[in-house]
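Asker: So the protein sequences, as listed, match chains A and B.
This note's numbering numbers the first residue of the first sequence as 1208 and each following residue consecutively.
This note's numbering numbers the first residue of the second sequence as 3 and each following residue consecutively.
These are computed hints drawn from the structure, not numbers from a lab.
Glycine included, every Cβ here is placed at the ideal spot set by N, Cα and C.
Among these hints, one or two may not hold up.
[To be verified] Each computed DSBU-like pair below joins lysine-lysine, with the alpha-carbon atoms no more than 30 Å apart:
#1 1478(A) to 1364(A)
#2 142(B) to 1242(A)
#3 142(B) to 1494(A)
[Unchecked claim] A few chain B residues that don't get close to chain A, going by computed Cβ distances all over 12 Å:
#4 28
#5 60
#6 67
#7 71
#8 72
#9 74
#10 78
#11 85
#12 112
#13 134
#14 155
#15 173
[Unchecked claim] Have a look at the derived ranges for each label pair, beta carbon to beta carbon:
#16 1373(A) to 269(B): 40 to 48 Å
#17 142(B) to 1285(A): 18 to 26 Å
#18 23(B) to 1387(A): 24 to 32 Å
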Amino acid sequence: MSTTIAPQNGESKERIRQDRGQLTWRQRRGQWDVKYSPYLYVIPFFIVFGVTGLFPIIYTAFISLQDWDLVRNTGEYIGFGQFDWILHDREFWIALRNTFSIFLLSSVPQLIAATVIAAMLDANLRAKTFFRMGVLIPYVVAPVAVALIFSNMFGDKYGLINSVLNDMGLGSILWHTDIIPSHIAIATMVNFRWTGYNALILLAAMQAIPRDLYEAAAIDGAKAARRFFSVTIPQIRPTMIFVIITSTIGGLQIFDEPRMYDSTGTGGANKQWLTITMYLYNTGWGKFDFGRAAAVAWLLFLIIITITLVNNYLTRRFVSGDDAVKKAKKTSQRLSAKGGK
Amino acid sequence: MARGSRTSIGVGRPSPLVYGLLAVVLMGSMFPFYWSFLIGSGNASTIYSQNLSWWPGGNFIANATEVINNPAVNFWKALSNSIIVSTVTAASTVILSTLAGFAFAKLRFKGSGPLLVAVIATMAVPIQLGVVPLYIAMSKLGWTGTLGAVIIPALVSAFGVFWMTQYLSQSLPTELIEAARVDGCSMIRTFWHLGLTAARPAAAMLALFTFVTTWNNFFWPFIVLDQQNPTLPVALSLLNANYFVDYSLVLAGVLVATVPLLLLFMFAGRQLVSGIMQGAVKG
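Chain A extracted, bound-state conformation (with noise of 0.2 Å):
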């Protein structure tokens, strides 16, 4: 990037006629405009980030080492004594199996299905963008919103999911009582709002894929679903990866869902569904014991990483070491070969 600047340039005639003392006084000012303004820019946002972001970050660790007094709003250090007690809290380890169980329920139906809509729009498609906006519509519906009325479609006595059973023929499911049916039920809502989104992201993946591929591909035999399967499959892969990890990060966060599945907001008579982070804000809001819930919200800050390495770890190497896969990757790479001539 040039320093020395303005003044010796030809076409600010203005310039040229200032003396020499100013010459330097002018250039000097732009070495600092160049050296010292890119600050200015990021200072904005870091200082309402440090306040609002860092700051509650690092003070949160260190209010989980206390037992905090709610009157006098100070705390008294006691060490990991929080921590202790959370991990042998019964109703922690609840929540955890409930978390976990609602983000594999959510996830993994969600992850095919965007990527199988993702295909289909994908197709040569006659008003693509209707579709395209069609699949979006629930993501701009507020969770609480979903949550009122997919719980009144899940009702244990009256709901329509149950009438519909019955009307096959088949009995009740008690989706507010037994513990799976809740976590399918809430893992429902997630799924309805995040499915479209994740198949568009899926779909621009899937349309930055060279289509000699795909044609190669053709011209070697490979049927529409071979195709599918090793030639656009490998292809999204880092964006598929990228899916995982947001809804991840997302899906152990639950709270708005759960929180709203039924009147009384607990997680059910049982637990049932009680959320880790539900139990962060009954811990709170709840009982008003901020050390402990600022303990549990490492807690789940740790486990949000360390499923996040473990996720990450084990789709690398579950997409890569997959037979099919790695014959799909030599195949793409002659054909890529191919299509390169």
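Please arrange chain B on chain A, whose structure you already have, making use of the hints.
Answerer: Okay, now just chain B, sitting in the frame of chain A:
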């Protein structure tokens, strides 16, 4: 350009099956709205009726009016609060992210690399990690229950900076900035004339996404606001509490509260779609 070459695979237009499946998907995304309308247009006993008609009743307006006028729900207050919070948050996020994104993408300064990495790293940090100290700070300042308590922590977003940096580093040629500098353009004018112009499409997307996300946000507003001064999701959450189990009212209220964003979607849905798809390619 490559779209046409599709036909050579022998696919051409997809089969009716694809349209059929997509139609099912669309019906799935619409059905909950219809269901809300169906229940919301009946009365308290509709949900309990043995043979539920698939044809809506005539009480929707009456139910919606009842929810809107219910003093416990505080609908107009919630609506205006949501508009204020989402607008201010979107504006501030876009301004601060564009400034920082421009610097990270196009200017050289000491520490820019580590700073950017730090910003991106915090994207993985859940909001839950900050809520306890934030709440303590807000209550010490006496701000709990005020909109400021919701707006201030949302003024910036790490994602926004990441997004603008990504966009500007690809769409604004460095040579252009150097040329402007050679011509004697100061940094701030370079930013104003080149940076802002180039950033406009990404800034609009960021504003839209921030608006939608803030509008739907529940966790923190639910903690820090109360019934007297809620945002829409907080007000909605009350429909379910207070033994307020008349589902015709609850679901009518849900639909009414969803209308503003459905309207936004009608006008900006196309931009949301392309925003998600662009973000995917870059991210």
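Asker: If a hint holds in the structure, say so; if it does not, say that too.
Answerer: Results of checking the hints against the structure:
no., hint, result
1, 1478(A) to 1364(A), "holds, 20 Å"
2, 142(B) to 1242(A), "violated, 40 Å"
3, 142(B) to 1494(A), "holds, 19 Å"
4, 28, "violated, 4 Å"
5, 60, "holds, 20 Å"
6, 67, "holds, 19 Å"
7, 71, "holds, 19 Å"
8, 72, "holds, 15 Å"
9, 74, "holds, 14 Å"
10, 78, "holds, 17 Å"
11, 85, "holds, 14 Å"
12, 112, "violated, 9 Å"
13, 134, "violated, 4 Å"
14, 155, "violated, 4 Å"
15, 173, "holds, 17 Å"
16, 1373(A) to 269(B): 40 to 48 Å, "holds, 42 Å"
17, 142(B) to 1285(A): 18 to 26 Å, "holds, 22 Å"
18, 23(B) to 1387(A): 24 to 32 Å, "holds, 28 Å"
Comparing the model with each numbered hint stated earlier shows that hints 2, 4, 12, 13, 14 do not hold.
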